[in-house]
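Q: Sequence:
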Amino acid sequence: MEYTSLGRTGLSVSRLCLGTMNFGPLTNEADAHQIMDTAHQEGINFFDTANVYGWGENKGRTEEIIGTWFAQGGGRRERTVLATKLYGNMNGEGKDNWPNDDKLSALNIRRAVDASLKRLQTDYIDVYQMHHVDRATPWEEIWQAMEVLTTQGKILYVGSSNFAGWHIATAQAAAAKRNYLGLVAEQSLYNLLSRTVELEVLPSAQYHGLGVIPWSPLAGGLLGGVLRKAGQEGGRSADRAKKLSTAEREQLQAYEDFSDKLAVEPGTLALAWLLHQPAVTAPIVGPRTADQLDTALKALEVKLDAEALGRLDEIFPGHRTAPEDYAW
Numbered sequence: 001m002e003y004t005s006l007g008r009t010g011l012s013v014s015r016l017c018l019g020t021m022n023f024g025p026l027t028n029e030a031d032a033h034q035i036m037d038t039a040h041q042e043g044i045n046f047f048d049t050a051n052v053y054g055w056g057e058n059k060g061r062t063e064e065i066i067g068t069w070f071a072q073g074g075g076r077r078e079r080t081v082l083a084t085k086l087y088g089n090m091n092g093e094g095k096d097n098w099p100n101d102d103k104l105s106a107l108n109i110r111r112a113v114d115a116s117l118k119r120l121q122t123d124y125i126d127v128y129q130m131h132h133v134d135r136a137t138p139w140e141e142i143w144q145a146m147e148v149l150t151t152q153g154k155i156l157y158v159g160s161s162n163f164a165g166w167h168i169a170t171a172q173a174a175a176a177k178r179n180y181l182g183l184v185a186e187q188s189l190y191n192l193l194s195r196t197v198e199l200e201v202l203p204s205a206q207y208h209g210l211g212v213i214p215w216s217p218l219a220g221g222l223l224g225g226v227l228r229k230a231g232q233e234g235g236r237s238a239d240r241a242k243k244l245s246t247a248e249r250e251q252l253q254a255y256e257d258f259s260d261k262l263a264v265e266p267g268t269l270a271l272a273w274l275l276h277q278p279a280v281t282a283p284i285v286g287p288r289t290a291d292q293l294d295t296a297l298k299a300l301e302v303k304l305d306a307e308a309l310g311r312l313d314e315i316f317p318g319h320r321t322a323p324e325d326y327a328w
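Take the sequence shown: its position 188, counted from the start at 1, is 188 in UniProt numbering, and no numbers get skipped.
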């Protein structure tokens, strides 16, 4: 396993981040525990979750599964860099929402962190991430609340998710006025099919020293060999393939053909491409099974030369930094 610093911090994290969103809804507790044990055995020390994972009436369930895993001891908590998120309302579907039960008010930040700590069965969170920007709450309030949590020892670092480039810049400017570290990482949608963040988010993150943690690295499975699987297995992959436009189908066919030429599985190639992007710290892999985790780990062994990276750019054109992407 390779390790790198999370942004400009001294915190060392693995080049792959274990995503846990499937734990509960698709992966039972025993299998989830096995996946986390395997991740540690393979050197993955960076785990990502969120308070809303579990979804619907089961929001919080994913954090609970991680908590019962930590409770087994054996250095599980001590060897894990734990990232979780807050923003969404934790009430079950169909229930009346109550004011201050979501977003980033100081009140909800205080309540949310205590609830996550209880579910996770730990006394601190390594990276506490804002799941979305809150346009209604001033940064002075947000940073004051995060400073309190840092002083209390409940969190060590703060991260963001789904922020625009200017949100990162504004957040960092407000933190600097308080002599506070501010954001250390941004978690964004980033993969070969979705490269919009190359316009402004990645440049902003690099300028401000944030690590970048891409989510959905396989574009919801489209980069995992969806056309091949549709012909072999049918089912879910076949349904996805039917929904593709002609242009999308041709693009993905060219991609799968190129992965065959490289003798690399499509999903492994998609992860390897992200690992070659200079702004990227660790893509989030969200395995439902131990076999899917093994497939993801193979990406660490793939080395792409300039020719291969150029061919992937031809198949999936990216963006230059704004404004040069659309102006001079």
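Keep in mind the hints are simulated off the structure, nothing from the lab. Backbone N, C-alpha and C fix where the C-beta goes; we use that ideal spot for every residue, glycine too. Heads up, some of the hints might be wrong.
Said to hold, decoys possible - Beta-carbon label-pair distances, calculated as ranges:
{"hint": "1", "residue 1": "Tyr3", "residue 2": "Ala290", "range": "19 to 29 angstroms"}
{"hint": "2", "residue 1": "Lys118", "residue 2": "Glu141", "range": "34 to 44 angstroms"}
{"hint": "3", "residue 1": "Lys303", "residue 2": "Tyr326", "range": "41 to 51 angstroms"}
{"hint": "4", "residue 1": "Gly231", "residue 2": "Ala106", "range": "51 to 61 angstroms"}
{"hint": "5", "residue 1": "Ala71", "residue 2": "Tyr3", "range": "21 to 31 angstroms"}
{"hint": "6", "residue 1": "Lys118", "residue 2": "Gln232", "range": "24 to 34 angstroms"}
Q: Now tell me, hint by hint, if it's right for this structure.
A: Going through the hints against the structure:
1. Between Tyr3 and Ala290 the beta carbon distance is about 22 angstroms. The supplied range of 19 to 29 angstroms therefore holds.
2. One distance hint, 34 to 44 angstroms for the beta-carbon pair Lys118 and Glu141, is violated here, with the actual separation near 24 angstroms.
3. Here the CB-CB span from Lys303 to Tyr326 is close to 33 angstroms, at odds with the stated 41 to 51 angstroms.
4. Look at Gly231 against Ala106: about 54 angstroms separates their beta carbons, and that is inside 51 to 61 angstroms.
5. A hinted range of 21 to 31 angstroms holds for the C-beta pair Ala71 and Tyr3, which are about 26 angstroms apart.
6. Distance hint for Lys118 and Gln232: a CB-CB separation of about 44 angstroms, inconsistent with the stated range 24 to 34 angstroms.
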